[in-house]
Amino acid sequence: MTDLSLARAKPDAPRREPLRLPLVWLGVLPFAAFALLFLIWPTLHIVLGAFQTPEGGFTLRNLAGLFSPQILGAFWISIKVSVMTAALGCLIGFVLAAAVMRGGLPRGLRDAMLTFSGVASNFAGVPLAFAFIATLGRLGLVTVLLRDWFGINLYATGFNLISFAGLTLVYLYFQIPLMILIVTPALDGLRREWREAAASLGASGAQYWRMVALPVLWPSFLGTFALLFANAFGAVATAMALTGSSLSIVPIILFAQIRGDVLQDPHLGYAVAFGMIVLTGIANLVYIVLRSRAERWLK
Amino acid sequence: MIRSTRLWSWIAFALGAAYFLLPLAGMFEFSLRARRGEYSFQAYRNVLGDPQFLATFGYSVLMAGFTIVLGVLIVAPTAFWVRLKLPGLRPVIEFVTLLPLVIPPIVIVFGYIRLYNTSSWLPLTGSALGTDFLLMCGYATLSLPYMYRAVDTGLRTIDIRTLTEAAQSLGAGWITILGRLILPNVFVAVMSGAFLTFAIVIGEYVFAALLNRPAFGPYMVWMGSNKAYEPAALAVIAFSVTWACMALIQLATRFQKFTKASC
Amino acid sequence: MAYLDLANLEKSFGPTRVVRDFTLAVGKGEFVSLLGPSGCGKTTVLRMVAGFEAPTAGSIRIDGQPVTDLPPNRRQIGMVFQAYALFPNLTVAENVAFGLKVQGVARAEREARVTEMLRLIGLPDLGGRYPFQLSGGQQQRVALARALAPRPRVLLLDEPLSALDAKVRVSLRSEIRAIQRDLGITTIFVTHDQEEAMSISDRIVVMNGGIAEQVGAPFQIYNRPATRFVAQFVGTLNTLAARLLDPGQGTVAVGDAVLSLDRPLERPAGSTVTLALRPEALRLGHVPGHDAVLPARIAEVEFLGSVIRVRAEVGGNMLSLDTFNRADAPPPAPGSLVQLSAAGRDFILLDD
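Line order of the protein sequences matches chains A, B and C.
Take the working numbering: the last position of the first sequence gets the number 299, and nothing is skipped along the way.
Take the working numbering: the last position of the second sequence gets the number 1263, and nothing is skipped along the way.
Take the working numbering: the last position of the third sequence gets the number 2352, and nothing is skipped along the way.
Excised from the complex, chain A in its bound form (with noise of 0.2 Å):
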C-alpha cells in the first residue's frame, strides 16, 4: 500500500507543476491513517464522549459524576501516589545520581549505574509486582531474613506490601531510575568552570550551590517531578498484580469499568479516562515547558 502509492508519485511530479503539491503529501499518508485510526481518532472518541448523553446530546453530567465520593476519592488516591512517588523518585534519584557523578566515586559506577537505570526503568508491571511480593510479601526473602537473623516481624510492624505504602516502595523501583536518567545529562551540564568561576569570586561551595548549580537544576527538577507524576498516574498493571483491585487508584477503576461496567454507566467511564486525560496532559505540559527552559540556560 505505502510503496505503490510512493512509486506512483514520482513519475509525475515533474510534469504537471499544479498537481506536485498534494502528492508530496501522499508520503505521510500511511502515518497519518494509522495515527489517526490508532491513536487520535480513539482518544478523541473517548474525550467526546465524556460530554455526550447515551443518545448523544451534549452534557456536563458525566464530568459531574467525576465528584462522586467513590470516584473523587480513587483519583485522590491515585494523586497521593503520584505525587509521593514523583517526590520521593525526584529527591532519591537526584541523591544517587549526585552521589556517583560528584561525590568522588570511581568513574565505571556511572555508566554501571546508567546501564541498570535505563533497565529498571522498563521492568515495571507485573515482574516487577512479583519481585518485590518474593522479597517483601509475607514469605519474602527479606522478610524472612529480617526474622531469622535480627528477630523482627516486619509484618506485626503494621507493615503490608498490599497497601498505599507498599505501591509506593514498588512504583519507585521505575521511578527513580528515569530520575537517574533524566538529570545525569543535567548535573553534566554543570559546567566546572562554573564552580571554578564563583570560587574565584569567593563563594564557597555551600554559596555555589544555593545561587548557581540548584536554581540552574531547577526546572530540570520541577519538569521532571511532572513527569513521574504521569507515569504513575497512569500505571496499571503493577498495581493490579500487586493488589489485585484492593487499592482503588483510578487506572484501576477505568479497568474494572472497562470489563465489566461496575459503575452502572458507560458514559462515566468515558469522563473518568478524559479525568486521567486532563491529568497526565497537564503534568506533561508542565514538564515539557520547563524541559526546554532548562536546555536553553543547560546548552
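It should be emphasised that the hints constitute simulated quantities derived from the structure, not laboratory data.
Just so we're clear, the structure is a prediction, and the values are computed from it rather than from any experiment.
Don't take every hint at face value.
Claimed, not checked - According to the in silico footprint, chain C covers these stretches of chain A (three or more CB under 8 Å from chain C):
hint, segment
1, 200 to 206
2, 210 to 216
As the list claims (entries may be wrong) - To give a feel for the contact side, a few chain B residues facing chain A, derived at Cβ under 7 Å:
hint, residue
3, Leu-1007
4, Ser-1009
5, Trp-1081
6, Ile-1108
7, Ala-1199
8, Met-1220
We put the CB at the ideal spot given by N, CA and C, even for glycine.
Position chains B and C relative to chain A; hints supplied.
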C-alpha cells in the same frame, strides 16, 4: 574532594544498590523455593513445561515480531519522507509520536473497544483475527515514540538528501532507495527500536487483558493469583528477557560505531 | 619584592611533569602574558595561581602573603575563562554583582559598583539581559566586569579571546588592555596567539614543554630570541644554513656567497650553523649599509597594495620579505634573479 562527601556518597550508593538489587535477589531466591526444604529449579520446570506458558509466550513473541515489522514499515518511510520533503512537518510528527507517552494506554485501549466493537463501521473485535490485528496496532502505537526516535536519530546521522539525489541520478526509484539505501544504513537504529518494542510487547498487560487475547502479560497475572512460586520464576524470565533486549541494544549501538560508513 | 611572586613552581599529573621549575616575579600593575603552544603548561601555571590546581612544589605569594595553601575563594583573584562561564540563571547585572553579594556588600553599594563596571565595559544598558541573549564578545566583556567588580588583587585571563571571531578578538584585546591600565591591576594573560601577546603585554613569558624559555618585553623577545623555539614561535622567521669560515671575524658562507656577521662567533671553524633573519631585516637589491648580500631567485610575488610580499629562494632556502610599494619601481617578476641584502648584525645565530 572532602573525605566526608565521599563517605556519604558511598553510603547513598550502597543504600540505592541495596534497594535495587534486593528485589532481584528476592525474586530469584523465591523462584527456587518450589520444593519444600531445598532449593531447586522445580518452579522453572513447571513453568517451562506448562503448555499455557509456551502458548502465551509464543503468542507474545509472534505479536512482537509483527509489531516490529508494522512499526518499521510505518515509521521508517515516514521519517525519511518528512526529513527529505516536508521538514516543516517534523514538529507535528514528533508531537504525534509523543502522544502515546502522554495518553495513558488504558485510555487508548478503551477507545479501541468503543470504536471498533461489533456495532461500528470497523468491527475488529468481532473476530479473533480482527482483535489480534487491533492488538498489534495497539502495540505499534505504544512503541511508536521509541521506534520513531530511534529511526530519526539514525537518519540524522546520514545525509539522506545527498544519498537520495545520488541514487536518483543513477536511476533508482523510491522503493529501491528506501529498501536498498536508507534501510540498511539505519538498520542499527531500527534494531534498537526493535529490541525496545520487543521488551514492551512481551511484558504488556492492559491491552491484552482488556482485548481478551492470550498474551504473556495476562498469563503472568493469572499465575500470580493462582500459584505461589511460579510467578517468581516468570518474573525472572521476564526480567532476563528485558535485560537481554537492553544488552542487545547496547551491542547494536556499539556495533554501529565501528561500521559507520562516512558519507 | 614583586607583587605576584611565583617561585620554582612544579606540577606533575602522575608521571607527567607539566610545569617545571617555573619562576616569575610580576610587578604591581604589570601585564604579563604566558605564551606558548597547547600543552606547554601555561594554563596549568595560571590555574595554580588561581588555586584550582595545587603545585607539586614551589610557592606563590601575592603582595607578600603566601597563598599556596589558600583555597581559591580566599585569594582575592579575578578569573576570566575561555568559555565565559557566566551563570545562566542570573542576569548580567546579577552576574557582575555576584562577587560583591558573596562578600556581603550592601545592595546600594552593589548596584553602584555594577553600574560603574557596566559603563567601564561599554554595555551600560544590558544589565537586565540574560547571558544566552548576548553575543560571545558581549559575554566575555561581562565576564571581565564580573571578575573585576570585587576589586581583586590579581586578574587572571585564560585564553579569553580564543573562542571569539577574529575581528572581535582584535578589538576586545585592546579594550582589555585599556581597562587594565585604567585600573592598574596586576594581570596574567594566557594565550597561544603570539600577535595577541606582543600587542598588549608589558612582558611575555614564552613557554614550551613546561618551562619558561624566555621572559622579556615584546621588543626583546622578538628581536633577541634566546632559543630557536622562541625565534620560530614568535613572528615569522627566515632560516638559512651556512658554513662558518672565520669565527673571529664572523664570516660565513651561504652557498657561494660570503657574508660577514660583524661579530665574533663562538663556534669552531668549518662547522655548519643555522642563521635566522626577520623578514623586515631583508632588503631587495643592495641597499647601502646592508652589506651581507645574497643572490636569490624570486619564487612568488604577492602585490597587496601598499605592501609587496616576496618569497625568494637562496641556495635551497626559501626566504620571505616584505617591501613597500613604490610607484616608480614595479615589483620583480617571478623567476628573475635579484640580490637580497641585510645588515650583518641583524642575523640571529640559532643554537641547534
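A quick look at each hint next to the structure:
Note: the segment 200 to 206 of chain A has 5 residues with beta-carbon separation from chain C under 8 Å; the three-residue rule is met and the coverage holds. With 4 residues having a beta carbon nearer than 8 Å to a beta carbon of chain C, the segment 210 to 216 of chain A meets the requirement of three or more and the stated coverage holds. Because the smallest distance between the Cβ of B:Leu-1007 and any Cβ of chain A comes to about 9 Å, over 7 Å, the interface hint for this residue is violated. Annotation: interface hint on B:Ser-1009 holds; nearest CB of chain A at approximately 3 Å, less than 7 Å.
Given the 7 Å rule on beta carbons, the hint for B:Trp-1081 holds: about 4 Å separates it from the nearest Cβ of chain A. The restraint placing B:Ile-1108 at the interface with chain A holds, with a minimum CB-CB distance near 6 Å, inside the 7 Å limit. A hinted interface residue such as B:Ala-1199 counts as satisfied when its beta carbon comes closer than 7 Å to some beta carbon of chain A; here the least separation is about 6 Å, so the hint holds. Interface restraint check: B:Met-1220 against chain A, minimum CB-CB distance 4 Å, threshold 7 Å, status holds.
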